[in-house]
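Asks: Chain by chain, the residues:
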Amino acid sequence: MEKIPILKLGDFLLVTIQVDMHDRLALALQDDLSTRVVSSGARGVLIDISALEIVDSFIGRMLGNIAAISAVLDAVTVVVGMRPAVAITLVELGISLKSVRTALNVEKGMELLRQAFEPRSQNQ
Amino acid sequence: MNDAVYSRLAETINKHETDILKEWLDNQRAEGTLSKSLEADVQQQSREFLASLKNSLRQGRADIMAAEWIEVRDLLTNLSRNRMQQGFTPSQTGTFIFSLKQPLFERLRKEFGQDADSLAREVWTATLLLDKLGLFTIEAYQKTREAVISRQQQDMLELSTPVVKLWHGILALPLIGTLDSERTQVVMESLLQQIVDTGSDIAIIDITGVPLVDTLVAQHLLKTVAAARLMGADCIISGIRPQIAQTIVHLGVELGDVITKATLADAFAVALTRRGLAVQAIKP
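These protein sequence lines map, in sequence, to chains A and B.
In terms of the working numbering, the first sequence opens at residue 1 and continues consecutively.
In terms of the working numbering, the second sequence opens at residue 125 and continues consecutively.
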């Protein structure tokens with residue numbers, strides 16, 4: 001069975017979802033991610049969904065679950081790269097993912113994670 | 125309806141066409157539905173109408189919606205459209221047909237005056253026909269008006285949702301007009317696309333131009349904010365008039381942690397601070 005690769009980037013874990021996720025794949029990801037967070041002691045998880053054209057309520061809830069699980073393991077989750085159509089769909093489905101932090105792309109997402117752990121005055 | 129009855133009508137018109145036309149135009153002039161500039165057009169239209177009417181009557185079908193009457197119907201539809209665009213009222217437009225009654229009845233009286241029964245029958249036939257045509261004309265007028273309104277609505281929808289860049293990373297969305305679900309879709313799509321294109325992380329939604337905020341409008345606004353948030357952009361809602369603020373509280377709308385400001389200027393200041401920027405005087 002294919003698995004979604006999880007990469008380690010410093011203190012953070014990076015997951016890029018490039019295939020259409022079916023339910024079993026999503027549950028496997030949840031499993032793998034929680035295991036890796038513990039084994040690597042990661043403080044943050046970055047999930048890139050910029051390749052996902054379709055997100056249904058199951059995937060939506062799965063993202064929320066991963067964030068909640070990571071929070072219990074004291075890690076911050078950031079979801080990046082959501083497409084406009086996907087955002088509108090999730091909102092219409094009533095899934096607002098309030099507890100999940102979001103950013104426009106991986107770069108901004110990493111910036112967000114860094115700031116979460118090294119709060120310093122912003123210099124733009 | 126006895127088809128042969130129409131043929132007598134057709135012959136009457138044929139015999140007295142010139143006189144009927146002249147009197148009819150006089151009537152239209154008297155009713156004030158003719159102005160100097162239009163006179164030539166109306167003469168043409170009246171002449172053509174009488175000719176088409178004669179034709180269709182000769183073919184004998186009683187139903188004015190049948191194929192034999194298409195020329196007459198097209199003429200009347202065009203006439204209504206023109207009259208509507210020129211600013212005439214529906215009544216004035218209908219008068220085109222109704223003012224034909226008197227000259228026609230005059231000629232019918234000449235032809236059938238001796239025989240009371242025949243006269244009554246002819247007049248009744250003519251009046252029924254002209255009533256139907258008159259109503260058709262007025263309905264055509266209404267349809268034209270409705271088409272204009274619907275086109276204008278479409279235009280308004282397209283015109284009124286611009287997204288502007290205030291500063292690097294800061295977008296503004298000035299909403300003008302009512303916010304219904306159709307408009308919200310358009311607004312959401314356009315805002316989210318701009319967020320992607322400009323890489324902005326703050327969007328200021330200004331509702332100074334939204335006249336009415338009820339629970340539905342608030343819901344639409346919050347949906348837009350939620351969608352932008354899913355894409356990593358924070359929203360600030362500005363342009364909240366005192367009335368609107370009171371309405372929001374009365375309705376018990378939950379704004380959650382959405383920042384709200386009274387003016388766009390205040391919202392812009394907040395956005396700048398968020399990005400670690402400030403406005404400074406230039407030292408001379």
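In short, the hints are calculated from the structure, not lab data.
Small disclaimer: the values here were computed from a predicted structure and weren't measured.
For every residue, glycine included, the Cβ atom is placed at its ideal position computed from N, Cα and C.
A hint or two may mislead.
Claimed, not checked - Using 25 Å as the maximum straight-line C-alpha spacing, the simulated DSS-like pairs for lysine-lysine come out as follows:
1. Lys256/B - Lys347/B
2. Lys108/A - Lys178/B
3. Lys234/B - Lys108/A
4. Lys256/B - Lys139/B
5. Lys108/A - Lys98/A
6. Lys385/B - Lys98/A
As the list claims (entries may be wrong) - Partial pick of chain B residues on the chain A-facing surface, computed with a CB cut under 10 Å:
7. Gln183
8. Gly184
9. Gln309
Asks: Lys234/B and Lys108/A: Cα distance at most 25 Å?
Replies: 93 Å, violated
Asks: Does Gly184/B hold up as a contact with chain A if the rule is Cβ-Cβ below 10 Å?
Replies: 59 Å, violated
Asks: Given the hint that Lys108/A pairs with Lys178/B, test it: the Cα-Cα distance must not exceed 25 Å.
Replies: Measuring from Cα to Cα gives roughly 79 Å; hence the hint is violated.
Asks: Hinted pair, alpha-carbon criterion (25 Å max): Lys256/B, Lys347/B. Please report holds or violated.
Replies: With a Cα-Cα distance of about 52 Å, the restraint between Lys256/B and Lys347/B is violated, given a limit of 25 Å.
Asks: Report holds or violated for the interface hint on Gln183/B, using the least CB-CB distance to chain A and a cut-off of 10 Å.
Replies: 57 Å, violated
Asks: Tell me if the straight-line CA distance from Lys108/A to Lys98/A falls inside 25 Å.
Replies: Measuring from Cα to Cα gives roughly 19 Å; hence the hint holds.
Asks: Does the structure keep Lys385/B and Lys98/A at a Cα separation of 25 Å or less?
Replies: 22 Å, holds
Asks: Close enough to count: is the Cβ of Gln309/B nearer than 10 Å to one in chain A?
Replies: 8 Å, holds
Asks: Take the C-alpha atoms of Lys256/B and Lys139/B, compute the straight-line distance between them, and say whether it is at most 25 Å.
Replies: Answer holds: Lys256/B to Lys139/B is near 23 Å, not above 25 Å.
In the structure shown, a violation is registered for the earlier hints numbered 1, 2, 3, 7, 8, in ascending order.
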